[in-house]
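J.: For chain A, the structure is supplied; the task is to place chain B on it using the hints.
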Amino acid sequence: KAGVTQTPRYLIKTRGQQVTLSCSPISGHRSVSWYQQTPGQGLQFLFEYFSETQRNKGNFPGRFSGRQFSNSRSEMNVSTLELGDSALYLCASSPQGGNTEAFFGQGTRLTVV
Amino acid sequence: GNSVTQMEGPVTLSEEAFLTINCTYTATGYPSLFWYVQYPGEGLQLLLKATKADDKGSNKGFEATYRKETTSFHLEKGSVQVSDSAVYFCALSTNSGGSNYKLTFGKGTLLTVNP
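Respectively, the protein sequence lines represent chains A and B. Take any residue in the first sequence, count from 1 to its spot, add 10: that is its number in the numbering used here. Take any residue in the second sequence, count from 1 to its spot, add 3: that is its number in the numbering used here.
Honestly, the hints are just simulated from the structure, not real lab data. The model shown is predicted, which means the values in this text are computed figures rather than measured ones. Among the hints, a few may not be true.
Unchecked claim - Taking CB as the label site, the calculated pair distances span: (1) Glu18/B / Arg25/A: 44 to 50 Å; (2) Arg77/A / Ser17/B: 47 to 53 Å; (3) Ser32/A / Gln84/B: 34 to 40 Å; (4) Asn87/A / Ser17/B: 42 to 48 Å; (5) Tyr20/A / Leu113/B: 19 to 25 Å.
Backbone N, C-alpha and C define an ideal beta-carbon position, used for all residues, glycine too.
Looking at chain A on its own, in the form it has when it is part of the complex (with noise of 0.2 Å):
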């Protein structure tokens, strides 16, 4: 069974720009989440969604949005990019959501110059 697949791998932008990151969930999981982790604050959580709906939000600015495909697969969007935007992207998928165990992809290394 594949695991969850994100591309690209890497990304370089600049400054004021947007970037699009894609996130490929485990075949059958319904539920993606999407984390950002950076030196300073670690990971945190940016958004969650389940059946095409967003269910929960992480306290980021409005830059940061996010969409659910009916296969599932899921985009984040980050707008008028920030230097402070540089973090490593991690998306994971689960079967529903709730209490059960996420399974992560590898992640999106961005970097904006």
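T.: Frame of chain A, contents of chain B only:
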């Protein structure tokens, strides 16, 4: 709100030494508890979990027991190997009516095991 506090390290041990990484939590409701491990350049891998009080999670020689009375979920291993060198994250999730799922993580503990 929910929070997880774990010893930040770094922790440096010799091979075959005993490992303990402390983790305590604050949560509303009845959380599930997890330990995740992150190897360099990789995402997070679930190491073990426990979903109710007094449950013991175990995997690859690692163990942790869900202690509700002390709100703790300490990670232990009797004999570490060089290959255990990684960052370890304690995490919890709560399920408010099945529609409020998210993981809350500790800051992570860097473990280095020397031969």
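J.: None of the hints should be skipped; say for each whether it holds.
T.: Going down the list of hints, with the structure as the test:
1. Glu18/B / Arg25/A: 44 to 50 Å: Hint holds: Cβ distance 45 Å, inside 44 to 50 Å.
2. Arg77/A / Ser17/B: 47 to 53 Å: holds, 49 Å
3. Ser32/A / Gln84/B: 34 to 40 Å: Holds: the Cβ-Cβ distance is about 35 Å, inside 34 to 40 Å.
4. Asn87/A / Ser17/B: 42 to 48 Å: Check passed, 47 Å falls within 42 to 48 Å.
5. Tyr20/A / Leu113/B: 19 to 25 Å: Holds - the Cβ-Cβ distance for Tyr20/A and Leu113/B, about 23 Å, lies within 19 to 25 Å.
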